[in-house]
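Student: So the chains spell out like this:
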Amino acid sequence: MRRAVRPEVGALVAAAVIFVFFLAVAPAFRSADAFVTVLYQSSTIGIVAVAVGMLMIGGEFDLSAGVIVTSAGLVNSMFCWYFGINLWVGAILSLVFCLAVGFLNGYLVMRTGIPSFLITLGTFFVLQGANLGVTKLVTGSVSSTDVSRIDGYDSLGAIFASSFEIGSVVVWGTVVWWILFVAVASWILRRTRGGNWIYAVGGAADSARAVGVPVVRTKIGLFLAVSFLGWFVGMHNLYRFNTLQAGGGVGNEFLYIIAAVVGGTLLTGGFGNAAGVAIGAFIFGMTSLGIVYAGWDPNWFRAFLGVMLLLAVLVNLYVRKLATREARA
Amino acid sequence: MTRRVLAAGAAAILLLGACSGGGREEPEADAATGYTIAFITHETPGDTFWDKVRSGAQQAAADQKVDLKYSNDPDAGRQAVLIQQAVDSKVQGIATTLVTPDALAGSVKAATAAGIPVVGLNAGIDQYKRLGALMYFGSDETVAGTSLGERIAAAGAKHPLCVIHQTGSVALEARCAGVKSAVPGTENLQVNGADDAAVTSTLQAKLAQDKTIDYVVTLGAPIALDAIKAGGTAKLVTFDLNQETAQLIKDGKIEFAIDQQPYVQGYLAVTSLYLYLKNGNDIGGGRPVLTGPSFVDQSNIDTILPYTQKNTR
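Residue numbers (numbering that gives the first Met the number 0), protein chains in the order written: chain A, 0 to 328; chain B, 0 to 312.
Warning: the hint list may mix true and false statements.
As the list claims (entries may be wrong) - For lysine-lysine, the following DSS-like pairs were computed, each having C-alpha atoms within a straight-line distance of at most 25 Å:
no., chain 1, residue 1, chain 2, residue 2
1, B, K252, B, K210
2, B, K309, A, K135
3, B, K309, B, K252
4, A, K135, B, K68
5, B, K68, B, K89
6, A, K135, B, K64
7, B, K157, B, K179
8, B, K179, B, K210
No lab work stands behind these hints: they were computed from the structure. Keep in mind it's a predicted model, so treat the numbers as computed, not measured.
Excised from the complex, chain A in its bound form (with noise of 0.2 Å):
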């Protein structure tokens, strides 16, 4: 039955249908140039995207994806310059600090019993609040120092934040980190048995658990690969642009979840792969910039996404209903 009806198949016709169109009436938009930077956008939303897309196939949500990108970066670029210490060790305590909050996510949800959406809303509000009091504190501005004099920046700055040419156009590092994301999260999905816990922890819960899925494991497991993806990010972040506003990140955690919608993940859960989220994000990166490329005024640009994210839904319905009737059948 999964394999009937495939929860990318929408997602790849809108993809081809927008990339067509913008072809089409954005000359600016032919260009390998063009191309490479709309990778760009999608992939700074996409590698994030990956893991929200699984945690939603699992079933929950996480709304504190968005500025624990920012936290990310912020920890590692103030702890280091307060410190006097190599940005190596700075970038492995961020990972830890993102690491612990997704697990005290994951954590709680599956202890209290509250829904996802709440205790992540919590974190989302904290990290929020921490992001700026601390930086204040730490910084006597809201915006984190310029880290490129700190030792360890040219290293970090090779694995997060490099970029190569093909021919003449200048390719971003995350471009390929999130196609090797994209891969690694359909493996584990498709291929292993956490894949098959995913799905069945979202599926049903309840079910999944008697027959001997480790559902809490499973859960909280997926909360720290969000945690992880987002740390990337906020690592590729801090690196390219050297210094961060202690107010960023907000918003995007709506950005990783219609990425994940767009791309045929069920908001119920247990339904949807890697290939549709990325290709959500795609469309994402494409919409963004293509309404620039063809010189519209992109005040529209939320309008068209809200447009999407509706269409998506819609589409996500009629696959739903499609699917149980071919399972009664």
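Take the given structure of chain A and dock chain B to it, following the hints.
Tutor: For chain B alone, coordinates are given in the frame of chain A:
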């Protein structure tokens, strides 16, 4: 057990061996007594600009031994409540931004009715008198935009791109309108100021779409940094300053910045209330006191650069 000892040892070596330059400098402490002054703004938390306004107000409070009650809310209705709260708690003076004059008028009138002097800052240059505020400190956004426009027009600008990083901000729209009044070919672009990567790629897309753009005008210092990452051949000018943009002006990567001196706005608002309470002074003599537009370019950057490093400019 051995593994744990090894791990701890490794961590210690890593920490010791990893000490590097580029760290902080030691801060100083201060104290306050005297008048109580409420300082109320429409700051959106986390904006470097507002951080400087607040630093200025706090420095003035420290210098004048004033007890400063800072509060902020970007929502007009809630800002009005904050002003009302200050009136209720019987402060000796109120400094407030007047960004939404109609929403705040009631609270400001309540303050003046209660005999509490009010000064306006940052926004509300045309309305502060009508509301009953005594003095005003700030810059006129339209004047600032026009001065920027005139300067780049003189340098040959034909098609500048004005980058708005906050949806629906009246002040930012006014700046761009000012630029457009001096250079009719000005085009506005909306970007998501909360996401540096998105700002950069949106600008990249715009510059690729329209090769005739000769100037990029950013309306906040962090956005100027993103604009540099977007590349392109257009010249860059910006509103507001921070440490990094000041350095880039020195390096010639940014042509100039328009500074409305937020630190001064905060400092003067508090100091003017102090002088009014202590000495009956009326700064500006019934007219608004302009804190900008002040141009920062290669001719004066050497003086200003050290101040940006202290977060006072």
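Student: If a hint holds in the structure, say so; if it does not, say that too.
Tutor: Verification of the hints:
In summary, the hint linking B:K252 to B:K210 is supported, as the alpha carbons are separated by about 19 Å, within the 25 Å threshold. Between B:K309 and A:K135, the direct Cα distance comes to roughly 13 Å. Compliance with the 25 Å bound is thereby established for this hinted pair. Using a Cα cut-off of 25 Å, the hinted pair B:K309 and B:K252 holds, with the two alpha carbons roughly 22 Å apart. Simply put, A:K135 and B:K68 have alpha-carbon atoms about 18 Å apart, close enough for the 25 Å limit, and the pair holds.
For the given pair, B:K68 sits about 12 Å from B:K89 by alpha-carbon distance, which is consistent with the 25 Å threshold. A threshold of 25 Å between alpha carbons decides the hint, and for A:K135 with B:K64 the separation of about 23 Å falls inside it, so the pair holds. Distance hint between B:K157 and B:K179 is fulfilled; the C-alpha atoms sit about 10 Å from each other, no more than 25 Å. Taking the CA atoms of B:K179 and B:K210, the gap is about 19 Å. The hint holds against a cut of 25 Å.
Violation of the numbered hints given earlier is absent; every hint is satisfied by the structure.
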